[in-house]
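Listed here are the chains, written in short residue letters.
There are 2 protein chains.
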Amino acid sequence: MISVMAEQLGFIGLGVMGRPMAGHLLAAGHRLTVNNRSRAAADELVIAGAHMRNTPADVAREADIVITMLPDTPDVESVIAGPDGVLEGLRAGAVVIDMSSISPAATRELAARVAAREAKMLDAPVSGGEIGAKNATLSIMVGGDAIAFERVKPILACMGNPERIVHIGTDPGSGQICKICNQIAIGGALAGVSEALALARKAGVDASLVRHALLGGFAASRVLEVHGERILNGNFAPGFRARLYQKDLRIAEETAAAHGVAVPATSVVVEMVERLVSEGGADLDYSAIGR
Amino acid sequence: MISVMAEQLGFIGLGVMGRPMAGHLLAAGHRLTVNNRSRAAADELVIAGAHMRNTPADVAREADIVITMLPDTPDVESVIAGPDGVLEGLRAGAVVIDMSSISPAATRELAARVAAREAKMLDAPVSGGEIGAKNATLSIMVGGDAIAFERVKPILACMGNPERIVHIGTDPGSGQICKICNQIAIGGALAGVSEALALARKAGVDASLVRHALLGGFAASRVLEVHGERILNGNFAPGFRARLYQKDLRIAEETAAAHGVAVPATSVVVEMVERLVSEGGADLDYSAIGR
Numbered sequence: 001m002i003s004v005m006a007e008q009l010g011f012i013g014l015g016v017m018g019r020p021m022a023g024h025l026l027a028a029g030h031r032l033t034v035n036n037r038s039r040a041a042a043d044e045l046v047i048a049g050a051h052m053r054n055t056p057a058d059v060a061r062e063a064d065i066v067i068t069m070l071p072d073t074p075d076v077e078s079v080i081a082g083p084d085g086v087l088e089g090l091r092a093g094a095v096v097i098d099m100s101s102i103s104p105a106a107t108r109e110l111a112a113r114v115a116a117r118e119a120k121m122l123d124a125p126v127s128g129g130e131i132g133a134k135n136a137t138l139s140i141m142v143g144g145d146a147i148a149f150e151r152v153k154p155i156l157a158c159m160g161n162p163e164r165i166v167h168i169g170t171d172p173g174s175g176q177i178c179k180i181c182n183q184i185a186i187g188g189a190l191a192g193v194s195e196a197l198a199l200a201r202k203a204g205v206d207a208s209l210v211r212h213a214l215l216g217g218f219a220a221s222r223v224l225e226v227h228g229e230r231i232l233n234g235n236f237a238p239g240f241r242a243r244l245y246q247k248d249l250r251i252a253e254e255t256a257a258a259h260g261v262a263v264p265a266t267s268v269v270v271e272m273v274e275r276l277v278s279e280g281g282a283d284l285d286y287s288a289i290g291r
Numbered sequence: 001m002i003s004v005m006a007e008q009l010g011f012i013g014l015g016v017m018g019r020p021m022a023g024h025l026l027a028a029g030h031r032l033t034v035n036n037r038s039r040a041a042a043d044e045l046v047i048a049g050a051h052m053r054n055t056p057a058d059v060a061r062e063a064d065i066v067i068t069m070l071p072d073t074p075d076v077e078s079v080i081a082g083p084d085g086v087l088e089g090l091r092a093g094a095v096v097i098d099m100s101s102i103s104p105a106a107t108r109e110l111a112a113r114v115a116a117r118e119a120k121m122l123d124a125p126v127s128g129g130e131i132g133a134k135n136a137t138l139s140i141m142v143g144g145d146a147i148a149f150e151r152v153k154p155i156l157a158c159m160g161n162p163e164r165i166v167h168i169g170t171d172p173g174s175g176q177i178c179k180i181c182n183q184i185a186i187g188g189a190l191a192g193v194s195e196a197l198a199l200a201r202k203a204g205v206d207a208s209l210v211r212h213a214l215l216g217g218f219a220a221s222r223v224l225e226v227h228g229e230r231i232l233n234g235n236f237a238p239g240f241r242a243r244l245y246q247k248d249l250r251i252a253e254e255t256a257a258a259h260g261v262a263v264p265a266t267s268v269v270v271e272m273v274e275r276l277v278s279e280g281g282a283d284l285d286y287s288a289i290g291r
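In order, the protein sequences belong to chains A and Z.
All residue numbers for the first sequence refer to our numbering, where the first residue is 1 and numbers rise by one.
All residue numbers for the second sequence refer to our numbering, where the first residue is 1 and numbers rise by one.
It should be emphasised that the hints constitute simulated quantities derived from the structure, not laboratory data.
Incorrect hints may have been included.
Put simply, identical chains are the same to the list, so a pair is met inside one copy or across any two.
Derived lysine-lysine pairs resembling DSBU-like cross-links, with alpha carbons at most 35 Å apart [claimed, not checked]:
1) K202 x K247
2) K153 x K247
3) K134 x K247
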């Protein structure tokens, strides 16, 4: 049996999230090749011992495990199934872990194409944002084959909180469904907190005292705690950018429609985010919908 | 200086909430007179040492502090300002504490009428439901005069968690505004959790695993914890009845409109509650909107 540490890892997508996540894999002693659209993003990791490859296919050719961390569904489709994509180089027996937040329907299609190459694909979107990525405290919601999940769990544990790495289901896309549920639950809570604090202010009541009182009761939530404070202080430095939340909610609405689920509260949140983005707030933290 | 324990208390409204709350005052050694529309509700308290009076005015005639705990705005208006109401018997220097959840606008009017009798009125709505009332762990959100607040704080502490008794502001109605904010924040969170768990189920994912995963991250909330479990188990024994939540949200919408605050997410929650009530769920726990 080959030990996990001996496996060759590949990491594609070195953005705000991917860079620190790949850094944790290196720091844990893993052998790592990387690829990114812009080469500059990889410099730091190459200095730390990663090897750069020119294409996703080149990364896949020598990797036992290929991790992707990309902004949106088309990016993942292109990096995995496009020209010079992962599928062109993927080894039999390899595992692809897509940690991006993308469409569950697209995930199912990609998982089928990976399976046709005698490899496995796991969807493993994360929650916790840039801070979670930097501190290796991400929550990770995983869908796909149970044996592949057990195999890669120690690798995921380099990037997330081991107690918060949950295997949601063996169906491809289960992790993405859970991530959507996460974004929907957060959206409702954020809309409620926004309206509550707006009313407190307009009614001439000290909104920070209201937040304090509400934190002691049934309205207590991480959203009230963290985003409530951001809203009160007007501090909307990201964090998690509004345009990415807008993308997640677009996927949420599509997926809800595909399964015949009514999401009227989520639709209200979508409108709030769209107004924020149209007013120039795309790169503010998404909690700015409560301004 | 007269010690608080020497003050004569009156309690009007011995419903599901009022009965255990009044019981805590007796248990703490306070002298207590009570009044309730139906006399049977007072039996237990009379056995425990309370004295029954025929009208709210009679309670007020001998009380230093009069507490009201009633279902809705018209009930409080009638008990305080109606025939044989508190105002008819109220002593100069007394404090009226209305712990009902009612309209802030009506509260301001009643507070002015109490002030005209050289007494003070505090609005002190609670959060925590029947369980909080029974366990004396209520959160209490108080509006009104600061000196009156300090005077009655030890009495409130018999019924609530001392760390969660918050003086929101000196303007009459400030406590009611805070309670509305509480119900709005809970509503958004509950709508988000409802839609998230509905999607998980319809998409064929284990909704209890989704709840577990979400509790570890940014979507964590008391609503996800407690109501999420109720929704998963289909256990909608109250708790807090849907018809009372509907009443609170009606007040929330009226108050938001009066202050020019848009509350589109709350409107969605109102629709969810109205559907539940119209389908016969008025006496289910309000979390049943997530069925």
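Here is how each hint holds up against the structure:
no.: 1; hint: K202 x K247; result: both (31 Å within a copy, 22 Å between copies)
no.: 2; hint: K153 x K247; result: within (28 Å within a copy, 49 Å between copies)
no.: 3; hint: K134 x K247; result: within (22 Å within a copy, 46 Å between copies)
Taken one by one, the earlier hints all hold for this structure without exception.
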